[in-house]
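Asks: Here is what each chain is made of, one letter per residue.
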Amino acid sequence: MIGSLHFGSAVTAAFLASLVEAVEALTIVLAVAMVRGWRPAGLGALAGLALLALIVVVLGPLLDRVPLHPLQLSIGILLLLFGMRWLRKAILRAAGAIAPHDEASVFAGETAELREEERRHAPYRDWLAGLASFKAVLLEGLEVVFIVIAVAAGRGMLLPVGIAALAACLIVAAIGLLVHRPLARVPENALKFAVGVMLSAFGVFWTGEGLGVAWPGADLAILAFIVLFLATAVAAVALLRAAGAAVAP
Amino acid sequence: MNTLIGVLKELGGLFVEDGAFALAIAAVVATAALCAFVIPRAAPASGAVLLLGCLGVLVMNVMRVPHRHSGAERSEEPGIHNHDS
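Protein chains in written order, with the working numbering: chain A, 1 to 249; chain D, 1001 to 1085.
Be careful, since some hints might not be right.
[To be verified] Short, incomplete list of chain A residues facing chain D, as computed with Cβ under 7 angstroms:
(1) 53
(2) 88
(3) 159
(4) 208
(5) 211
[Unchecked claim] Which stretches of chain D does chain A cover? Using the computed rule of at least three CB atoms under 8 angstroms from a CB of chain A, they are:
(6) 1007 to 1018
(7) 1030 to 1040
(8) 1047 to 1053
By construction, these hints were calculated from the structure, which means they are not laboratory data.
Even for Gly, the Cβ is constructed at its ideal location relative to N, Cα and C.
Produce the entire structure from the sequences given, and follow the hints as far as they go.
Replies: In structure tokens, the structure reads:
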């Protein structure tokens, strides 16, 4: 029961986070494809995927050699920084304090930027377009790799969590290839809110384990942390909205 | 080279976006570590310090934002562009 709770949270967090990252990478790759064609976009994306695979193959086995407590502590701290950054931003967006992330406007901005680059560096335009695609896939992919390792490391869950992340990426890629448009309807902030809550909860759990804290209920504590982070985040959104309403003319 | 520097900067940005926020999280972890390692009897309390500290840092940080932006048009925070998961 407790093991399956941990497993379910890890798989869900990796799947949802990978959905978000894949949607963001797809937007850039599509922008490159629209401006310079599918060849540089596809080659850049493939090069990014190849480098990601190389990183996983080289670094993956090294993780097994790191002692468990230092690994938990370092991954826990990184998860706290990463997850709470997502959650903070999702709260601010949900409360209307900052503008929501809009894939359509990112697509338009990226397309305009690529056209400007094309005008300024005409001889290298295919190279620059491929580089933009490569960078997007590499950066978003590194986030996916980090999340998979962070929620699964030390528990022997790398394979199922990795499969969940890969499935999310393949779903987004397939939809993107079919519709040829950025997936602007994906409720990105809701996904980031959920993932931010889960990663923050995992971050507290791992950091505590790394410090030698014996959490009451063992793995069940993760569920309690998820509930606490969720309740706090929802309350923060309500407080921010109330504060915003009070400030508004 | 510029691309590599850009990639490294963006990688750093995955973990640190608001410096004060990241610093506050680091301070909470350091306090919890202090409880756990320096005062072994306080080890169980270090978990509570960590959890409540993180929740407190989150709430305090987001509550500061409307004051920074009050009167201004609601927009993306300065220094944050849209490619910002």
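Asks: Mind checking, does the region 1047 to 1053 of chain D have 3 or more residues with a CB under 8 angstroms from chain A?
Replies: holds (count 3)
Asks: Holds or violated: is there a CB of chain D closer than 7 angstroms to the CB of residue 211 (chain A)?
Replies: Holds, about 4 angstroms.
Asks: Taking the least C-beta to C-beta distance, is residue 88 (chain A) closer than 7 angstroms to chain D?
Replies: Status holds, d = 6 angstroms.
Asks: Just to be careful: measuring from the Cβ of residue 159 (chain A) to every Cβ in chain D, is the smallest value less than 7 angstroms?
Replies: For residue 159 (chain A), the interface hint is violated, since the closest Cβ of chain D sits about 24 angstroms away, which is over 7 angstroms.
Asks: Within the assertion that chain A covers the region 1030 to 1040 of chain D, do at least three residues meet a Cβ-to-Cβ distance smaller than 8 angstroms?
Replies: Since three or more residues must qualify, the claim that chain A covers the region 1030 to 1040 of chain D holds, with 4 doing so at under 8 angstroms.
Asks: Please verify that hint: residue 208 (chain A), Cβ, nearest Cβ of chain D, below 7 angstroms or not.
Replies: Where the cut-off is 7 angstroms and the nearest Cβ of chain D is about 5 angstroms from residue 208 (chain A), the hint holds.
Asks: Interface hint check: residue 53 (chain A), Cβ to nearest Cβ on chain D, cutoff 7 angstroms. Holds or violated?
Replies: It is violated, given that the least Cβ distance between residue 53 (chain A) and chain D is near 17 angstroms, above 7 angstroms.
Asks: Are three or more residues of the region 1007 to 1018 of chain D within 8 angstroms, CB to CB, of chain A?
Replies: Since three or more residues must qualify, the claim that chain A covers the region 1007 to 1018 of chain D holds, with 8 doing so at under 8 angstroms.
The structure fails hints 1 and 3 (numbered hints given earlier, in ascending order).
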